[in-house]
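2 protein chains.
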Amino acid sequence: MFESAELGHSISKDIWKKEVPELRENLLDAQLDLLQTKKFPVVILVAGVDCAGKGETVNILNEWMDPRHIETHALRDLTDEELERPQMYRYWRVLPPRGKIGIFIGTWYSAPLVENVYGTIKNAELDQRLERIIRFEKMLCDEGALVLKFWLHLSKDQQKKKLKGLEKDPSTRWRVTDKDWQNYKMYDTFRKVSERMLRSTSTAESPWIIVEGSDPRYRYLTIGKALHSALRQRLDAPAPPEHDEPIPPMTPSIDNLLLLNTLDLKRTIKKRDYEDQLEKLQGRLNLLTRHDQFRKLSVVVVFEGNDAAGKGGSIRRITQALDARQYRIIPVAAPTEEERAQPYLWRFWRNIPRKGRFAIFDRSWYGRVLVERVEGFCSRADWMRAYGEINDFEEQMVRNRTVVVKFWLAISQDEQLRRFKEREKIGFKRFKITEEDWRNRDKWPEYERAVCDMVDRTSTEIAPWTLVEANDKNYARIKVLKTLCERIESALGK
Amino acid sequence: MFESAELGHSISKDIWKKEVPELRENLLDAQLDLLQTKKFPVVILVAGVDCAGKGETVNILNEWMDPRHIETHALRDLTDEELERPQMYRYWRVLPPRGKIGIFIGTWYSAPLVENVYGTIKNAELDQRLERIIRFEKMLCDEGALVLKFWLHLSKDQQKKKLKGLEKDPSTRWRVTDKDWQNYKMYDTFRKVSERMLRSTSTAESPWIIVEGSDPRYRYLTIGKALHSALRQRLDAPAPPEHDEPIPPMTPSIDNLLLLNTLDLKRTIKKRDYEDQLEKLQGRLNLLTRHDQFRKLSVVVVFEGNDAAGKGGSIRRITQALDARQYRIIPVAAPTEEERAQPYLWRFWRNIPRKGRFAIFDRSWYGRVLVERVEGFCSRADWMRAYGEINDFEEQMVRNRTVVVKFWLAISQDEQLRRFKEREKIGFKRFKITEEDWRNRDKWPEYERAVCDMVDRTSTEIAPWTLVEANDKNYARIKVLKTLCERIESALGK
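Those sequence lines, one after another, are chains A and B.
Numbered according to numbering that gives the first Met the number 0, the first sequence spans residues 0 to 493.
Numbered according to numbering that gives the first Met the number 0, the second sequence spans residues 0 to 493.
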């Protein structure tokens, strides 16, 4: 795999002088087009062997292009705000928006590589982590990002020479640390693991580009040209067709036996029982949040449901049991301008809670496979891939000890009609029934279908859906609180 | 000052039952109006004596209103990301946008109060810090925020009773810590210092509202009603007139001797000297960033100047000397939707660098007193108060060991014309001259006047302006680099 990157590539001064001015013009040109059209974001990874010139390469890219629209991220130690959230949080929070270029040194590949070389993680876990990376990068590409991955390579001899050279020069001696020599001793292992890693993560959407690192002119020119050609190609590509890729249809329902229809919406609870249980459950929940292990967890609660199903009321029964200092409710409305310039899940990542806190989502990332699907706000390809992306997202939260609790509040069509009419009668503005509510109602079967698909595809063992029979509001509130308590108890090992 | 809050206020169950439903309706109503009109943000501070019921009060407010549009912030320990930035950063980053309510427990008053009571800071420093708080709150109010400050008070006996009561009950015992009893012993001092603090920070725009804390019903009802009446008043107020408050005119120039005119724009440097000095200065700057004390500093560089004065070129001469991993360039363009919903300086606060890093602003917060002033994009009152707000902002950065370096790149009208024409001739798109550039040029005298006012009012000892004669680009670049090196050296105590 590294053979071509050990041939001793080099570029003469003459060729360099001849080619660089034109390349710079071209790069600047492409960057300006990108900035003006805001067509897509560019994510550049610069990884590779120690001393292969990663830092210098990034400096050159900043010099050749307009550095005002490039953000370079050298993420090393995790900050405590990052430590309390899933591993990929630190990358999500600095993703470049459309039109901009983000360069990463110290990428999501560093940790798995080093940990495997030094034996902290076994091959099986390495593979697992690489698989997650592949899925993350695929999501970026599907969201329109141009992802370029450069691997700067040095042969063992070349690396030794570089290290010695840096050590000799008093002005660069500081750059060579014991760790570098330690890594050098592990060169063969690094090479073996890197090859395995590069092989398995070189995908059609974002292949690795391996570049021999010993000659700076060769390195810069190769990377500069690869970057320019990738930029130009994407910029000049005709607008993609309206996502008409053939996608297999969802299984049609041939017996009309839908999951939602199996719910017994008639379930009720007596007023006295309700009051009694409500008090007990709220007390139980409150106690749980004061459990001494609770500060090692976080809780994400998702509320979805039919219009007028009583999401707001259920949320209030939860927050009544909590201290206002430890929860945040995130009402999901139309994305802001900054959110629209980012991948779909970005606006949910930015709201992931710290340890010991609750984030309660009033509607959520499931909008993509519900309203956006039914109303055609996104393409079929977009919502189809969302199931997998959502599962990945929730898996990352769960791995970080987040309890993910998801509720679908279901009411019958008749009950909805009754509530709509009641609200119209009260006429109190905060319950205003809009045209849109009536329109959504007309699409009842489509929404029903979408909900069933959603549950089928995203109710996982680690983040299951709880379907809540909500014709009786009180019954629903009790079921919500009970489920929430049980899920937290189970996470606390109770 | 606390006399009225020690009278033993209480509200009977009957009155409570009668009044609460209406109050809740009214509060919800006002909150919905706020949300829909997005007229202003609401900042509520809940401060006061230990055990006076701050947490419970905030919980009640969340219960009475729609908690989805309230964010409660209990800021305790600083995170390491906050520790590396000015004190107020943690508050700026969570300010509520227009239409939302932000409730703060553990406010900007806590630290100065406690530190003074326990003798860490003397009265003089307390006063200084309170003065800064006053200025911060005034800025919030000027930016349109409704700022409500509640102080929950308990007499010494009442506090003792509360502490004992909490200790007796097994379910609340955990809430009473040694620290609480220690604070109780200092009750008299706390009372004295609190009074001083409340007195000096009770301003016309945001007065303190002192509430007796012992009876919950009294406390909740008082605060709920105060909140409702303040909300309603602001919501129903007619749109403010187009900021026609009488403001004294700036000193007219009667002898036409302007600061800018004293610059000798003819200054030049020979090409060979330029190359020689450039290399030396870039090397010097690079060495400075590797100084072992440098990681305790951060650097903010501001570039302002006439159109075509060469800001971009100067910035590149700086970044060439730096490692791409340690700087970020922030090109200042039109604010985003999220930024427009916040006070003017919010978008600059969010870009304050961490320790050991550079943030280079290509145009900056000075836009308010330059283009916005000249073009009438904001009212006279807005840009007039901006001078003071900017000085406060920069002072906070400097206090946090940020080196603030500000450059005005000045060229003559003739030189600008030459550059405009040259750019039109090259016709290369990234130098496109727009209609706007020509229009700005027509307003040369107004801009000149604005620049002089800006320098007069914001060139401070801690964050001075450097006026750069930029008709000769090379001369300008050398002056910029030299100034930057000197400023960092002086901060390093060299």
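Just so you know, these hints were derived from the structure itself, not from any lab.
Given the structure is predicted, the values throughout are model-derived calculations rather than measurements.
Some hints could be false.
Each pair may be met inside one copy or between any two copies, as identical chains are not told apart.
To be verified - Restricting the straight-line Cα-Cα distance to at most 30 Å, the calculated cross-link-like pairs of lysine-lysine (DSS-like) are:
1. Lys178 - Lys295
2. Lys16 - Lys472
3. Lys354 - Lys295
4. Lys99 - Lys424
5. Lys493 - Lys424
6. Lys442 - Lys295
7. Lys17 - Lys424
8. Lys121 - Lys354
9. Lys269 - Lys167
10. Lys16 - Lys442
11. Lys137 - Lys178
12. Lys354 - Lys424
13. Lys420 - Lys37
14. Lys265 - Lys12
15. Lys481 - Lys493
16. Lys121 - Lys159
17. Lys16 - Lys424
18. Lys191 - Lys420
19. Lys269 - Lys178
20. Lys279 - Lys167
21. Lys354 - Lys137
22. Lys37 - Lys265
23. Lys167 - Lys16
Now for the hints, and whether the structure bears them out:
1. For a Cα distance limit of 30 Å, the shortest separation of Lys178 from Lys295 across copies, 24 Å, qualifies, whereas the shortest one inside one copy, 32 Å, does not.
2. Taking the shortest alpha-carbon separations for Lys16 and Lys472, only the inter-copy value of 24 Å comes in at or below 30 Å, while the best intra-copy value is 75 Å.
3. When the C-alpha separation of Lys354 and Lys295 is checked against a cutoff of 30 Å, the pair qualifies both within a copy, at 6 Å, and between copies, at 29 Å.
4. For the homomeric pair Lys99 and Lys424, the shortest alpha-carbon distance between copies (28 Å) is at most 30 Å, but the shortest distance inside one copy (51 Å) is not.
5. Taking the shortest Cα distances, Lys493 and Lys424 never come within 30 Å of each other, neither inside one copy (47 Å) nor across copies (76 Å).
6. When the C-alpha separation of Lys442 and Lys295 is checked against a cutoff of 30 Å, the pair qualifies neither within a copy, at 43 Å, nor between copies, at 60 Å.
7. When the C-alpha separation of Lys17 and Lys424 is checked against a cutoff of 30 Å, the pair qualifies only between copies, where the shortest distance is 25 Å, while the shortest distance within a copy is 78 Å.
8. Within a single copy, Lys121 and Lys354 get their C-alpha atoms as close as 28 Å, which meets the 30 Å cut-off; across copies the closest is 36 Å, which misses it.
9. With identical chains, the CA atoms of Lys269 and Lys167 are never at most 30 Å apart, being 83 Å at best within one copy and 36 Å at best between copies.
10. Taking CA atoms no more than 30 Å apart as the test, Lys16 paired with Lys442 passes in neither setting, with 65 Å inside one copy and 43 Å between copies.
11. For the identical chains of this complex, Lys137 and Lys178 are neighbours neither inside a copy (33 Å) nor across copies (52 Å), given an alpha-carbon limit of 30 Å.
12. In the homo-oligomer, the alpha carbons of Lys354 and Lys424 never lie at most 30 Å apart, since the shortest distance is 44 Å inside one protomer and 59 Å across protomers.
13. Taking the closest pair of Cα atoms, Lys420 and Lys37 come within 30 Å of each other only across two copies (29 Å); inside a single copy the shortest separation is 45 Å, beyond that limit.
14. When the C-alpha separation of Lys265 and Lys12 is checked against a cutoff of 30 Å, the pair qualifies neither within a copy, at 82 Å, nor between copies, at 37 Å.
15. For a Cα distance limit of 30 Å, the shortest separation of Lys481 from Lys493 inside one copy, 14 Å, qualifies, whereas the shortest one across copies, 65 Å, does not.
16. Taking the shortest Cα distances, Lys121 and Lys159 sit within 30 Å of each other inside one copy (28 Å), while across copies they are farther apart (59 Å).
17. Taking the closest pair of Cα atoms, Lys16 and Lys424 come within 30 Å of each other only across two copies (26 Å); inside a single copy the shortest separation is 79 Å, beyond that limit.
18. Taking the shortest alpha-carbon separations for Lys191 and Lys420, neither the intra-copy value of 68 Å nor the inter-copy value of 59 Å comes in at or below 30 Å.
19. In the homo-oligomer, the alpha carbons of Lys269 and Lys178 never lie at most 30 Å apart, since the shortest distance is 68 Å inside one protomer and 46 Å across protomers.
20. Taking the closest pair of Cα atoms, Lys279 and Lys167 come within 30 Å of each other only across two copies (22 Å); inside a single copy the shortest separation is 72 Å, beyond that limit.
21. For a Cα distance limit of 30 Å, the shortest separation of Lys354 from Lys137 inside one copy, 29 Å, qualifies, whereas the shortest one across copies, 34 Å, does not.
22. When the C-alpha separation of Lys37 and Lys265 is checked against a cutoff of 30 Å, the pair qualifies neither within a copy, at 52 Å, nor between copies, at 41 Å.
23. For a Cα distance limit of 30 Å, the shortest separation of Lys167 from Lys16 inside one copy, 29 Å, qualifies, whereas the shortest one across copies, 83 Å, does not.
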